[in-house]
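Protein chains: 6
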Amino acid sequence: MKSIIHIVTPIVTRGVRTLDDVDPFRRPDLEIRHSLLDSGPVSIESEFDEALSVPDTIQKAIDAERDGANAIVIDCMGDPGLNACREAVSALVIGPSQASMHMAALLGHKFSFITVLERLRPMIANLVAQYGLAQSYASFEAVDVPVLDIENNLDEVQNSLIECGLRAVREAHAGALVLGCTGFLGCADAMSSALSAQGYRVPVIDPIPLSVHLADALLKSGMSHSKTIYASPASKPLVGYDMQM
Amino acid sequence: MKSIIHIVTPIVTRGVRTLDDVDPFRRPDLEIRHSLLDSGPVSIESEFDEALSVPDTIQKAIDAERDGANAIVIDCMGDPGLNACREAVSALVIGPSQASMHMAALLGHKFSFITVLERLRPMIANLVAQYGLAQSYASFEAVDVPVLDIENNLDEVQNSLIECGLRAVREAHAGALVLGCTGFLGCADAMSSALSAQGYRVPVIDPIPLSVHLADALLKSGMSHSKTIYASPASKPLVGYDMQM
Amino acid sequence: MKSIIHIVTPIVTRGVRTLDDVDPFRRPDLEIRHSLLDSGPVSIESEFDEALSVPDTIQKAIDAERDGANAIVIDCMGDPGLNACREAVSALVIGPSQASMHMAALLGHKFSFITVLERLRPMIANLVAQYGLAQSYASFEAVDVPVLDIENNLDEVQNSLIECGLRAVREAHAGALVLGCTGFLGCADAMSSALSAQGYRVPVIDPIPLSVHLADALLKSGMSHSKTIYASPASKPLVGYDMQM
Amino acid sequence: MKSIIHIVTPIVTRGVRTLDDVDPFRRPDLEIRHSLLDSGPVSIESEFDEALSVPDTIQKAIDAERDGANAIVIDCMGDPGLNACREAVSALVIGPSQASMHMAALLGHKFSFITVLERLRPMIANLVAQYGLAQSYASFEAVDVPVLDIENNLDEVQNSLIECGLRAVREAHAGALVLGCTGFLGCADAMSSALSAQGYRVPVIDPIPLSVHLADALLKSGMSHSKTIYASPASKPLVGYDMQM
Amino acid sequence: MKSIIHIVTPIVTRGVRTLDDVDPFRRPDLEIRHSLLDSGPVSIESEFDEALSVPDTIQKAIDAERDGANAIVIDCMGDPGLNACREAVSALVIGPSQASMHMAALLGHKFSFITVLERLRPMIANLVAQYGLAQSYASFEAVDVPVLDIENNLDEVQNSLIECGLRAVREAHAGALVLGCTGFLGCADAMSSALSAQGYRVPVIDPIPLSVHLADALLKSGMSHSKTIYASPASKPLVGYDMQM
Amino acid sequence: MKSIIHIVTPIVTRGVRTLDDVDPFRRPDLEIRHSLLDSGPVSIESEFDEALSVPDTIQKAIDAERDGANAIVIDCMGDPGLNACREAVSALVIGPSQASMHMAALLGHKFSFITVLERLRPMIANLVAQYGLAQSYASFEAVDVPVLDIENNLDEVQNSLIECGLRAVREAHAGALVLGCTGFLGCADAMSSALSAQGYRVPVIDPIPLSVHLADALLKSGMSHSKTIYASPASKPLVGYDMQM
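Sequences listed follow chains A, B, C, D, E and F, in order.
Residue numbers for the first sequence follow the working numbering, beginning at 1 and rising by one.
Residue numbers for the second sequence follow the working numbering, beginning at 246 and rising by one.
Residue numbers for the third sequence follow the working numbering, beginning at 491 and rising by one.
Residue numbers for the fourth sequence follow the working numbering, beginning at 736 and rising by one.
Residue numbers for the fifth sequence follow the working numbering, beginning at 981 and rising by one.
Residue numbers for the sixth sequence follow the working numbering, beginning at 1226 and rising by one.
Keep in mind that the hints were calculated from the coordinates and are not lab data.
Predicted model, so just to flag it, every value in this text is computed and none were measured.
Each hint should be verified, as a subset may be incorrect.
As a list, the in silico BS3-like pairs of lysine-lysine whose alpha-carbon atoms are at most 27 Å apart [as the list claims (entries may be wrong)]:
{"#": "1", "chain 1": "D", "residue 1": "K971", "chain 2": "D", "residue 2": "K737"}
{"#": "2", "chain 1": "F", "residue 1": "K1227", "chain 2": "D", "residue 2": "K737"}
{"#": "3", "chain 1": "A", "residue 1": "K227", "chain 2": "A", "residue 2": "K2"}
{"#": "4", "chain 1": "A", "residue 1": "K2", "chain 2": "E", "residue 2": "K982"}
{"#": "5", "chain 1": "B", "residue 1": "K247", "chain 2": "C", "residue 2": "K492"}
{"#": "6", "chain 1": "C", "residue 1": "K717", "chain 2": "C", "residue 2": "K492"}
{"#": "7", "chain 1": "F", "residue 1": "K1227", "chain 2": "F", "residue 2": "K1452"}
{"#": "8", "chain 1": "E", "residue 1": "K1207", "chain 2": "E", "residue 2": "K982"}
{"#": "9", "chain 1": "B", "residue 1": "K247", "chain 2": "B", "residue 2": "K472"}
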């Protein structure tokens, strides 16, 4: 059986880098599809941005399922609309933050979350609390570069990521690192090498590739999210949205 | 100083009951204002409904602040958009679920959350986890009546609420009860009496009145939410929303 | 309805500063009353001091209720006798530490507790554990000045408080600060300004004003502590105390 | 070296049963001494009772140390004054509830606490939270007989204890039982036998004998409580107490 | 790249059922290999059995890596020797209990663990505690049939599994079920159907298929466990073991 | 009654120091016996070493009980085989790590664990999690000297232990210290003195003496571990072990 996995990037622009730049997913039994939003923010750097990305993310998830996707991966580490999308569709929905945190805990005992902006610290703490992973959460680290500036400062960002990684491993005793912004797509290898050169062998998780492979593994195991927990919403009027379910 | 407290009901319809029906807030130093949404769901009974209520809730909070409100109370026990609203405005924003849970823990050692639908159990568990109140959370109870049917079944709902309350107190050892749907506005007294008749003297929290009085208390103490934690969003393009900040 | 709120200062002396010095409570619907102890310590800086303050604190709470108080606020951040007083009276009893910690968690995601002496660290940790607020507790900070020396070293104490506040915000990522000694009454504004000048906008909680306003809010909401959880003590002989209940 | 262990029974009366009735402590290297209070309650069944037992308990601990005791055991499962006594003296102070809960967790994975009155449930939950043992706490069970009626209803109390024990083992999966009232002194053996007859082999902890033997073990290991954590109180005036330190 | 995944069944006998009976793994990019132990127990039903399975499990993991395996899955829900194997080899080692619990938490909010024997309750609680998943652990359920009797009582076992599943979903509010014995291989589908017929749509995890697919996903993502956390053991004498590393 | 306490040192060599060097246990009512392993590692510094020490540790526990021991103390701070030994015998089995951590929490509010190697940090975190003591765990500290080099570097090790202890007390606010390697036998007094000279009075726990005295205390109280929780293993074939039960 072929897995059709649809990635929804919950912003209106192409993002820092695309899947075409770094695509490790070519396999005959896997088809990757992709959408951007029609309405929403240009980047997600706050709970405000995230809130405004959710309605169209839900619509894109509904569209993706209708078009035959078996799984939907939300391409943002705030996991915007994860639970609402799970209610709206039956196809498996994966949030890369939840997926990466679970895998990091499994592989490295404790993990650090390394992201763009210091201001996301409470938002990530809320995700960790909700996902029940506080015991495995070693630290939060931030390079403090706005998302839209990453592409133009890639060397600086990479060096800063490596510093964050070393601090996480040495001071917070992290055994795995989660790259906390999908804009860091492709940075994991350089970080792994740099950490390894300092004697640290810890997995560095690039969330979107991991989420795609994990979604595929769950599909091959016949699993989706629970529709009892994430029950379909009741059908009733909705003003101001042209939501097609 | 007069407190101007603006209640945003995050649905497009009048709701089960209005503040005009049960208004305990008349005080010379307190002015209550109110908005409904222009776009959003007719009731909130899922994470899907909640997600679609958030964008216009944020807009209404921004409008309320611009019109002079000192505090904004979101009139739904899912606290939709609480953090995003706190980012968007400087006026104090109160989520009735967070406020009620903290007060219930303070007054009754452990609390139960009694709401409309069984399907909200994981959503409330997520709020409790995020608010850091798991140790004080005794149980979740549901009357299992859709929000929009409450008004037509008030007697049955009240009896069912009392049963839930007795179960919470006897089996889960709750020392306070949070009415987990703002549609239960006004039911608290009947529940208190019924529990008291059975020998249980536990506070029954009617979330909107409590939230209004608590907001007023915080204003009189000169307090608002932290703008370092809930920092204002960066100014950047936003497609498909005509958000006035 | 007028709220009559009685503050019991659980020491035998006037304390560092009085309510007359800094009284933000003047409102027509609020009457503030006050008692000191007849027997007990001159200041509370240990579990020993606290233990010896409790019996007469209970008596003063009983007296206050008999004289018509609707709520009693215990004026010490160890919340001495909080549960015993709640058993002894039906009027709402508020401990300023419990009240401030809950409000700080609600407004700032995580809070630090800044107090006089390093030796109080385990005592505060015990309160946090009991109140179920560990997830929201960012750090404990101490200026290390004995309570009775605060008044004569106010400038130094204020500077030290600001240093503690900056450390709490920068290193422990606190989003709210609780002034952990009622002797700091009135220092909150200076701290807020100093933190704000450094770019940090976090609420600084002055516990007694907050507790009074919160008590008033709970009274206006018709709430008191649970008399099922804090049940009245059985009537039985008591040797060596002339307790009037 | 001989261990001199002083038991302070924090009430003014002889109690339900005395150490003379059931004394398993006769050993040449162990001397047991005993005090009652001069002022305090006749039994401890509330936080109110407990609060009034503490001042004279501290005095009796100070007296016991001055008279040569190496360790002091407080003979009440609310551990009244435990921390204050540890501040007041350097001799090891043991609270039987803390000691029993730790030993029960060590021997049986999870423990239930079986005591006299349902109303003590929140008080015991507070002790468990403070002692950091929530993960090992299986359940609270109560026979619901006032302390002073135990002696006259011993058969009924024993049967009720056995029922509580079976419920704890079967429903809460407790692997050890803590007898949560020192008035149950001597009931452990009968409970063990009854549970064993039903196929359950779980330790039943009689707190005072255990506390005495544990105190002796700690003395033989050269251990006392930390005087950095439980630092001696500063010397300063104290009104209304004739405390001899 | 082809994933070579080696399953080590940590007992000396063929087990209840083999991979040949139920093999959902046929894929061109995946090769499954398998070993039994030469020394160890015939089934694992206690910590004693588990302890004696570990030394040869480690040897078989070392052998598997030397023979070219990219990942090793330990075929027992006690995850025997998981950490020791991770130290001994660099190839990814997966414990099916850890993997299933993480996936169940991700898909179903809270999970129940359904296994053979009531006596395994504390052992599973210890795994949950170690893996940091207590918040997501809904309940433990047991069919109470010895492992070696499963094959001869398959109908009864299946009915009992369904009863356990319904209890987990209805009373413990589990949103996912982990089949806690690898001997239940193949029972998941029947359980899913039975639960679905009662209106419950919750994933039922068959741990070995899931672990194999998850191992494959991690290999495709370039991930292994952290060799800093699970560092290779120092080389030093070892008496009585002919361990080939 | 005389307590016969059998210490099993779970390695094949004499270890860093023996009980003959430092024996504080001479008492007429206490007999100490001792075994080494016949097969296993020369020291325990990893989960791998620990796993290979367990089978013969179980055998030695069985032998010790058959020879009349009332209690068995496993002489390694990884508590290897603790639960399996408790299943295999009815005599009380004590793990020194579990015993020391509980006593340290009881005496000092929070404890630090000071051991030989940094690489043991996750293993100790796992024990703390399993024993349910996370709230009382202040920090992990390591001198970073291999176990077998301790004897030749005793001065350096002692200095390093003191540094670790000061860091634990000053930075992690530990109120008790657990010496996390039984090879540190006898170092506790020097550490206590050094810490005391710096003004810190915190108990320093030497785990084997404490475990012996605690075992004796439990025996004198008539207690053993729960045989319902640690139920005897079923009798069934076992290949490759000549286990005599």
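Status of the hints after comparison with the structure:
With a C-alpha separation of about 35 Å, the suggested pairing of K971 of chain D with K737 of chain D is violated against the 27 Å cut-off. For the hint linking K1227 of chain F to K737 of chain D, the alpha-carbon distance of about 17 Å falls within 27 Å, and the restraint holds. With a CA separation close to 23 Å, the supplied pair K227 of chain A and K2 of chain A stays within the 27 Å bound. With a CA separation close to 17 Å, the supplied pair K2 of chain A and K982 of chain E stays within the 27 Å bound.
Proposed proximity of K247 of chain B and K492 of chain C is supported: the alpha carbons are some 17 Å apart, at most 27 Å. At roughly 23 Å between alpha-carbon atoms, K717 of chain C and K492 of chain C fall within 27 Å of each other, so this suggested pair holds. At most 27 Å may separate the alpha-carbon atoms for a hinted pair to count; K1227 of chain F and K1452 of chain F meet this at roughly 23 Å. Among the hinted pairs, K1207 of chain E with K982 of chain E is consistent with the structure: their alpha-carbon atoms are about 23 Å apart, no more than 27 Å.
Of the pairs offered as hints, the one joining K247 of chain B and K472 of chain B holds, with about 23 Å between alpha carbons and a cut-off of 27 Å not exceeded.
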